[in-house]
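Residues per chain, in single letters:
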Amino acid sequence: MGLVAGKKLFSIMALCAMIGLLLLPIAVSLPSLAMGADAPDAVKKDGEAKVEKGRDVYYKTEGIVVGAPAPKTVDGPRDYPRYNFESRVLLWFANQQHLYYGSFVLAVPIFCMVIEFMGVVTKDKAMAKRYDQLAYDFIKISLTAYSLTAILGGILIFTFLTLYPAFFGYLSSIFRPVMHIYALMFVAESGTLYIYYYGWDKMREGFLKWIHLSLSVILNVIGTLLMFLANSWIGFMMSPAGVDEQGRYLGNIWHVIHTALWNPLNLHRILGNMAFGGGVVAAYAAYKFLASKTDEDRAHYDWMGYIAMALGVAFLIPLPFAGYWLMREVYAYRQQMGITLMGGLLAWLFIIQATMIGILFLSTNYYLWQALGRMRGAEKYQRYIKYLVFVLCCGYLVFITPHTIVMTPAELKAMGGQQHPVLGNYGVMSAKNGGINVIITTTILSFVWYMRGNKVSTVSWSKFGNIFMGIFFGCAYFNIIGLAVMGYYIPANVRVGLSVPQVATTLSCLFFMFALNSFMMKGAKQMGPIEWGKISARSQYALIMLATAFTWMMGLMGYIRSSVRLFWHVNEIMRDNSPWAYTHTVGFAANMISFNVLFFWISILFVFWLGSLGIKKAPVEAKAGVPGGAPQPAGGH
Amino acid sequence: MKALMSVGALIGAIGILLLAGMILEIVPSNTVRLVEGYMPMQVLFELTLFVAGFTGLSYMLGTMGMALPRFWQGISFWCFILLYLKYRVYPPIPFSVRAMYGTVSLIAVFMWVSANEEDWKKFKQPIMNVLDAQSGANKMLRYAYLVLLPILIGGFSYNAMVPKSEEPIELRTVHPAPPASTKVHGKTYTLQTSQNPYRVNLEGKFDQEYSNANIVEQGMGRLMKPNANPWDKDAQGYLKYVREGGEIFFQNCHFCHGDNLNGRGLHAFAFNPIPANFTDPGTIAQLQETFIFWRVAKGGIGLPNEGFPWASVMPPWEQHLTVDEIWKVILFEYWHTGYYPRTWD
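So the sequence lines, in the order shown, correspond to chains A and B.
Sequential numbering from 1 applies to the first sequence in our numbering.
Sequential numbering from 638 applies to the second sequence in our numbering.
The set of hints was computed from the structure by calculation and includes no laboratory data.
Note that the Cβ used here is the ideal one computed from N, Cα and C, for glycine as well.
Hints are supplied without guarantee of correctness; some may be wrong.
[As the list claims (entries may be wrong)] Below, in silico cross-link-like pairs of lysine-lysine (BS3-like), each with a Cα-Cα straight-line distance of 27 angstroms or less:
1) A:K60 to B:K723
2) A:K380 to B:K820
3) B:K842 to A:K60
4) A:K60 to A:K125
5) A:K386 to B:K820
6) A:K129 to A:K380
[To be verified] Simulated coverage check for chain A against chain B, where a stretch passes if three residues somewhere in it have a Cβ under 8 angstroms from a Cβ of chain B:
7) 345-359
8) 376-389
9) 481-494
10) 499-513
[Claimed, not checked] Below, a sample of chain A positions facing chain B; criterion: calculated Cβ distance under 10 angstroms:
11) L171
12) I339
13) T408
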């Protein structure tokens with residue numbers, strides 16, 4: 001007993017020591033921020049030099065100028081050294097690949113944390129082993145990708161330094177302390193990750209398992225902070241703050257980090273990373289499923305794909321709302337930027353983005369409908385799928401209708417002007433908000449059907465519950481569509497605010513209907529087991545489609561976000577005077593994004609292959625999780 | 638259930654006959670009119686009705702032992718949607734949008750017919766039969782496809798590659814992004830923060846809500862609200878400036894933008910594209926007043942690069958109107974259309 005208590009004490013002390021060590025670099029770097037170590041000597045010599053003050057371009061506060069103005073670059077080898085190739089494209093490629101891998105390795109540990117936690121709390125021992133194995137499989141996939149992320153990060157910095165030295169010099173002069181903290185946190189992230197991975201076997205039982213789980217929390221906290229810091233750089237480039245009109249740093253690092261778009265970017269990226277990570281793991285599972293030779297493997301990878309998809313989609317559902325918030329803030333920050341994005345130069349890219357979002361939801365729904373096929377008793381829902389298809393596609397058609405229509409002059413003439421009485425109404429935000437909410441609500445309905453696929457509720461109020469759910473969903477559709485129509489008759493600021501009740505309606509469906517359904521299905525009669533592995537191959541292609549669409553959309557959105565600065569390195573502060581300060585054509589951008597997607601998938605296949613070379617058997621005795629009569633995953637039921 | 642399906646079948650049959658009649662020009666295309674202002678919802682409602690109709694039709698044919706194979710159900714539904722978009726919706730939808738809608742419809746049909754194994758098998762069956770070619774007819778069909786498909790693809794390729802004398806497709810930006818600020822009559826206006834100085838209440842103070850409360854009632858055919866008549870000689874504040882803006886509009890703008898501000902003025906059809914339709918929810922209703930101020934002041938000639946191909950002959954009104962007159966005419970445009978300028982809280 002005493003030995004166990006001693007071990008516990010030691011574990012806690014070790015964990016605390018590790019947290020302390022990990023936080024040490026941050027603590028060490030903090031004083032330099034407080035002291036304003038980067039202030040020029042002129043400022044420090046009290047009384048010797050005149051203190052110059054500047055006005056913050058965003059916060060409108062006054063501050064002491066402690067930095068040099070943004071350089072006025074000229075096209076030439078000094079500011080823009082180059083190869084015989086477009087430097088911007090090289091940077092685009094390096095940046096995108098780093099972001100893909102970065103997103104993946106930030107998302108997967110969050111999944112591991114969730115799945116490992118599910119394994120720890122579940123009372124079913126067989127299920128606990130399955131979850132543990134799954135979490136281990138996930139982290140194993142991300143480990144090789146982690147090294148590649150670091151390598152790609154190095155390549156990105158070298159690309160910046162060698163091709164855009166003036167710009168990178170300016171950025172690093174402002175973000176110097178942030179960049180140092182970033183680097184130190186990367187070390188902390190690596191250390192935690194390796195302890196987490198290699199300590200899996202050692203810390204698999206009892207209290208040590210909780211310590212192991214705590215490590216995953218630390219890992220994710222560090223990872224998320226890392227991402228927030230990196231976001232501050234792009235936030236600054238889009239919506240600078242903490243500097244005056246000449247770009248001179250005013251000494252307040254928090255202003256520089258906390259720009260107008262930082263928070264929306266943080267939220268959007270964290271959700272996006274999660275959805276992306278889920279998609280990639282689901283695609284991995286789908287690939288392994290299709291290549292499986294045995295029923296056991298098929299069952300395992302079917303289950304893995306389902307869990308990854310469910311986790312990814314859980315973050316996909318709120319993603320459009322986070323995106324909407326980001327765009328709203330962009331509009332509020334600069335009308336010019338908002339119009340360039342959604343009504344002007346980049347409007348067609350937004351239509352492509354809407355198309356991709358639609359594909360994500362269509363693929364998810366399609367997968368769920370296919371998944372009904374592996375449940376006995378789910379046939380009763382399948383005959384209604386065609387109506388869901390119709391509702392989904394109506395929402396989708398409205399959602400992708402362009403505001404700026406591509407047409408020949410003859411078509412323009414035949415249309416009688418630029419505004420079409422039907423398309424014009426679908427092409428604006430009010431209708432699109434309605435469209436996407438209809439799509440998401442339908443996806444929630446598909447999930448509810450899936451969750452009750454092979455079950456019949458046995459609670460005494462099941463009939464009432466079913467009617468209530470039907471009416472709830474009906475009212476939700478009515479409310480969403482009604483608000484979308486109402487949006488045309490009210491002031492714009494109120495119309496923008498209408499997205500709140502629409503989103504609230506959709507989220508109400510998500511939370512209330514899931515909760516109600518869970519209550520109704522408690523102790524439900526099972527019509528048959530979930531036959532893991534007995535799912536159509538089409539469903540696995542849907543998962544691959546889901547992941548590809550995620551990847552493509554990430555590339556697209558990154559490009560849109562970056563190119564909205566037009567000819568600015570730092571918006572309205574530092575002008576891009578390179579020969580590439582123009583916006584690419586839609587076709588070129590699409591080809592470049594496709595190339596990035598292709599490269600990522602080829603390289604990640606290589607990573608998967610590397611992972612399979614060192615296959616280490618499960619940390620538990622046997623590969624758990626045999627299909628057929630196996631218990632259902634908690635993720636879905 | 639059967640009665641419900643019969644009604645559905647009837648709707649489906651009438652829908653198909655009406656559409657066929659319209660395509661063949663036997664039935665006038667305005668037999669069931671698409672009502673302006675309600676068109677978007679009407680189109681969605683009609684499509685919903687047709688889906689219900691086809692479900693009923695399919696059910697009834699099934700009960701009569703004449704069930705249409707799933708393959709043909711899918712194909713015919715898709716064709717119906719394509720024809721509906723082409724012949725029912727007026728003004729005609731440009732090809733690019735029809736192509737998008739057609740692709741989505743095709744995906745929808747695929748999702749429907751492959752939602753479960755049984756349906757997917759039924760759908761694939763005719764294709765598999767032709768590929769297997771177990772019967773003479775299927776063998777003939779397979780040979781026919783062998784010859785026809787390459788010809789068809791060749792035809793498409795030829796059509797795509799052959800030089801045409803048509804005007805090229807334009808990706809025209811309807812709302813080019815405005816600059817951060819604009820200089821009019823020697824004064825610089827920041828577009829993000831400037832306000833219309835005539836959007837004032839009776840006390841002469843800027844009051845967005847007051848002006849919002851006095852615009853025409855959009856949902857009621859653009860009727861004036863009681864006690865909000867700008868042409869009342871006693872009208873003051875916002876309404877007085879609306880009247881002054883109206884006078885400027887009818888002296889300068891209505892020749893092109895029309896009496897109803899719908900872009901169909903006397904000279905409108907001399908231009909391609911015709912002038913902007915302010916009553917459309919996609920124009921001024923989406924924009925800040927300062928955007929309109931910039932566009933009116935600078936005209937077609939002041940369109941930025943992304944406004945290519947700069948197909949606008951609107952004069953730069955700063956050369957003809959004062960700043961005050963521009964603001965007043967903008968005030969009138971919003972009042973008359975019943976739209977509110979975009980604002981941010």
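Results of checking the hints against the structure:
no.: 1; hint: A:K60 to B:K723; result: violated (55 angstroms)
no.: 2; hint: A:K380 to B:K820; result: violated (67 angstroms)
no.: 3; hint: B:K842 to A:K60; result: holds (26 angstroms)
no.: 4; hint: A:K60 to A:K125; result: violated (59 angstroms)
no.: 5; hint: A:K386 to B:K820; result: violated (57 angstroms)
no.: 6; hint: A:K129 to A:K380; result: violated (33 angstroms)
no.: 7; hint: 345-359; result: holds (count 5)
no.: 8; hint: 376-389; result: holds (count 6)
no.: 9; hint: 481-494; result: holds (count 7)
no.: 10; hint: 499-513; result: violated (count 0)
no.: 11; hint: L171; result: violated (22 angstroms)
no.: 12; hint: I339; result: holds (5 angstroms)
no.: 13; hint: T408; result: holds (5 angstroms)
Violated hints, in rising order: 1, 2, 4, 5, 6, 10, 11; the structure is consistent with all others.
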